[in-house]
Amino acid sequence: MAYPQAAQPPPVPPPSVKVILTSAELARVVDRIAHQILEKTQGAAGTVLLGIPTRGAPLARRLAARINAFEGIDVPVGVLDITLYRDDLRRHAVRAIGPTDVPAEGIDGKRVILVDDVLFSGRTVRAALDALSDIGRPSSVQLAVLVDRGHRELPIRADYVGKNIPTALAESVRVTLAETDGADEVKLIGGPA
Amino acid sequence: MLKHLLSGADLDAATATLILDTAGEMARLAGREVKKLPALRGRTVVNLFYEDSTRTRISFEAAAKRLSADVINFSAKGSSVSKGESLKDTALTLQAMGADAVVIRHPASGAPHTLANWIDGSVLNAGDGTHEHPTQALLDAYTMRSRLGRVAGLSVAVVGDVLHSRVARSNVLLLATLGAKVTLVGPPTLIPVDIGTALAPGTEVSYDLDAVLPTADVVMMLRVQRERMADSYFPSAREYARRYGLDGPRMRRLPDHAIVMHPGPMNRGMEIAPEVADSSRSTIVEQVTNGVSVRMAVLYLLLGGMDR
Amino acid sequence: MSKSTVGGDQVTPTYLIRGARVVGGGPTDLLVAGGVVTRVGSGLDARGATVVDADGLVALPGLVDLHTHLREPGREDAETVESGSRAAALGGYTAVCAMANTSPVADTAGVVEQVWRLGREAGLVDVQPIGAVTVGLAGERLAELGAMADSAARVRIFSDDGHCVADPRLMRRALEYVKAFDGVIAQHAEEPRLTEGAQMHEGEVSTRLGLTGWPAVAEEAIIARDVLLAEHVGSRLHVCHLSTAGSVEVLRHAKARGVRVTAEVTPHHLLLTDEIVGGRRELVGPALAGPTSGGAGTVGTGYDPVFKVNPPLRTAADAAALREALIEGIIDVVATDHAPHALEDKECEWAYARPGMLGLETALSVLLSVLGERWDLIAERMSRTPARIAGLVEHGRDPAPGVPANLTLVDPAARRTVDPGEMASRSRNTPYAGMTLPGRIVATFLAGEPTVLDGKAVR
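For the protein sequence lines, the chains are A, B and C, in the order given.
Here the UniProt record's numbering is used: the first residue of the first sequence is 1, the next is one more, and so on.
Here the UniProt record's numbering is used: the first residue of the second sequence is 1, the next is one more, and so on.
Here the UniProt record's numbering is used: the first residue of the third sequence is 1, the next is one more, and so on.
Isolated chain A (complex conformation) (with noise of 0.2 angstroms):
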């Protein structure tokens, strides 16, 4: 005579991954950001580009290296922490902050693009204008991101989008970078199979 047996969870599936740029394909991706970006802006004068940690930053240097090859313009790249300006402080680990360093010649008066690899929610970038406000009066921003993956929160949208990408909210895009991570590649991982 067997003792009932206590309710055995169901076995986790593991979660489906499905690749959405290629190495190839992310290149690309790049490639057309920075010719929307010359053409948007009319060149990229008076532009500086200013990316999002951590994947951001390599982005925007990407992109900046990518406009420098096509046009032959050097255009100022930095880095802007948002860390400090989260309103999720309280309910994740804190995180170590990173440096924010703004070109020399600053922003303002500036056309600034927010460089970051997903736009999810939107307060990240809400975040980021915040930071923004504190360091300077750009004349205007702008957002380019790799990949905007819906389900805003916030009144935000991008200028430039590399890959829309329809998601449901229990799948997550993951962005791999050499710079970051090793390899180029975007995945879309999870979500009950």
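None of these hints come from the bench; they were simulated from the model.
Note that beta-carbon positions come from the ideal geometry of N, C-alpha and C, so glycine has one too.
Errors might be hidden in some of the hints.
Facing chain C, a subset of chain B residues (Cβ under 10 angstroms, in silico) [to be verified]:
1) HIS106
2) PRO112
3) ASP128
4) HIS164
5) THR197
6) ALA198
7) GLY202
Put chains B and C on the given structure of chain A with help from the hints.
Chains B and C in isolation, oriented as in the chain A frame:
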């Protein structure tokens, strides 16, 4: 991360380094036009000072305000404390007010530890009796690092009234954690018993300042109160200054790169000569500046990531 | 006292204690009547006697404490003669010597008689007042020692405990003066100039915690001086709460020379060390591995004033030396230094807290931890010798026919976890809270009547 910062012993090397790195970023932010950061918006920091220490209180207050915290100053004078309210009752009051952090300065050693048992918020020891003053040690380490590029491997001479010094205790603990070699220097009456084994093995003791100076990277002079004379710790201010004061000729025996530190307030002419205090080796003003950055870092790291 | 009268004859209740192991010997029965032990033997029977089942229990002569603070008069919020007496009875005591540092100080015949009378009224232990050596414990001039000796309280022990009789001339005079009535001076050995502002034992831990040290030499220097004075004037000296290895050596030397000196040690100095002040519990000795739990480990954030006591908790080496000296007989007695303090005097900053710990209700358990079941040694150090020093002839005698029935029954197999809330004392400042200790007092008899039965005070 830590809940409280009560002692230099609460910090391991990784945590201490994180605080120093964060302080570095805070210092960079201090250079810009808008100094205020929103990180601790909506948080309440109480400065609970049972001893007059304007410089320490102002430093903590500036740090908390730059991080947008609400700051309440609760000083022993002009409050119910002077009417004899117990620490326990004060703790209950602060708890009821929803203090997220209490910065406490108290003449009794261990009072912050006792307070930590009674409130849910973080407790920061801003100096307790003759025990510890951990943020002073952090800002000293920060100052060494920014002047000399590192802390590990430095030879640090801590000179003076070690027995009664909370700065010395915290520094011995933290510097040992960060890999510096500490030599305590002073008359035997002012060096506490078993200091090495009590705090950090490897800590050395010397009664001869002149023998220590030629190999020191850092000389940290401690404040020596003239009242100690009455208790026969040393015969006279003059004799103290002659044996353990840092004057010009002694300073010139230091290696070229060596720096001179003092936690303030100084007794010029007693433990330190004006010529030394005002020299380019002196980091005394920097220490004050660095104090705000370091305390910002500590407040941010204690409060930033906690949901209460 | 509940004595019923039948037909004009006073009938004292009789008790038959069945199967007790007297001082750890084989099981035997004890018949108690008329305030004395009337018969000892196996298979005793007595019609009408109340039977107390003592199977597995050890009968000891009632414990005698040479050093108790009952706080009355003056601090009745912390303890009264009655509450302290109840705590004593629950700890197996039948007599306590009440220290003089009350408010007003017990430095006159009036105050010692008041304490003595309160003790009689409570009727739970014999309360023997100790008189102050100097007026107001101020260390300046002698109190009326003779008047206290001649009072109803018949004071024989004099002490300024809490303060040292530091003036050597005054100490000499006191030692000499009490010879007239076979008194003894119980000295709180602490050179005050060496302990100004002292907060804990001077050593590694005090250095780490930044607390002003109380150096061992401050005790040893006074004991050395006092044994020489006692030898010089041929008087009796008793040393309160000896706490250092160095004091043991001074005492050993004095005893070898034939000085009339006795000494006490407290349970807490045998069991606890200064490490606990820093939040590290370090218990001493192998006997603790078994019976005591809640052993080594951390205790809160440190600086818990419940561990503040004077003289302070010392090092593990000191505790080990005290244990050896107690076994060897260099230290004569265990005394509790039971020192109740109101909550507000302990729930505060370390420096502002009053020194002292509860002891009466845990002393025997701590000694069982420290010594194991060495019953004859326990009876000697906790009953016979202290009774002899205090001149309490009714106490400190092993149960035998004709001996006053002052005795206690101990269950050596029991274990208990100390809960401050369960203490009979009015105060809660036990340093053993949460620790599991061996042994439990099941019953205590004072002059033939139970003060404790089934581990509970009869009133």
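Once the shortest beta carbon distance from HIS106 of chain B to chain C is found, is it less than 10 angstroms? Hint holds; HIS106 of chain B Cβ to chain C Cβ min 7 angstroms, cut 10 angstroms.
Quick check on the hint: ALA198 of chain B CB to chain C CB, less than 10 angstroms? holds (4 angstroms)
Any CB of chain C closer than 10 angstroms to the CB of PRO112 of chain B? holds (9 angstroms)
Go through the hint on THR197 of chain B and say holds or violated, using the shortest Cβ distance to chain C against 10 angstroms. holds (6 angstroms)
Hint check: 10 angstroms Cβ-Cβ cutoff, GLY202 of chain B to chain C: It is violated, given that the least Cβ distance between GLY202 of chain B and chain C is near 15 angstroms, above 10 angstroms.
Restraint outcome when HIS164 of chain B is required to lie within 10 angstroms of chain C by C-beta distance: holds (9 angstroms)
Per-residue hint verdict: ASP128 of chain B, partner chain C, C-beta under 10 angstroms: Hint holds; ASP128 of chain B Cβ to chain C Cβ min 7 angstroms, cut 10 angstroms.
When each numbered hint is compared with the structure, a violation occurs for hint 7 only.
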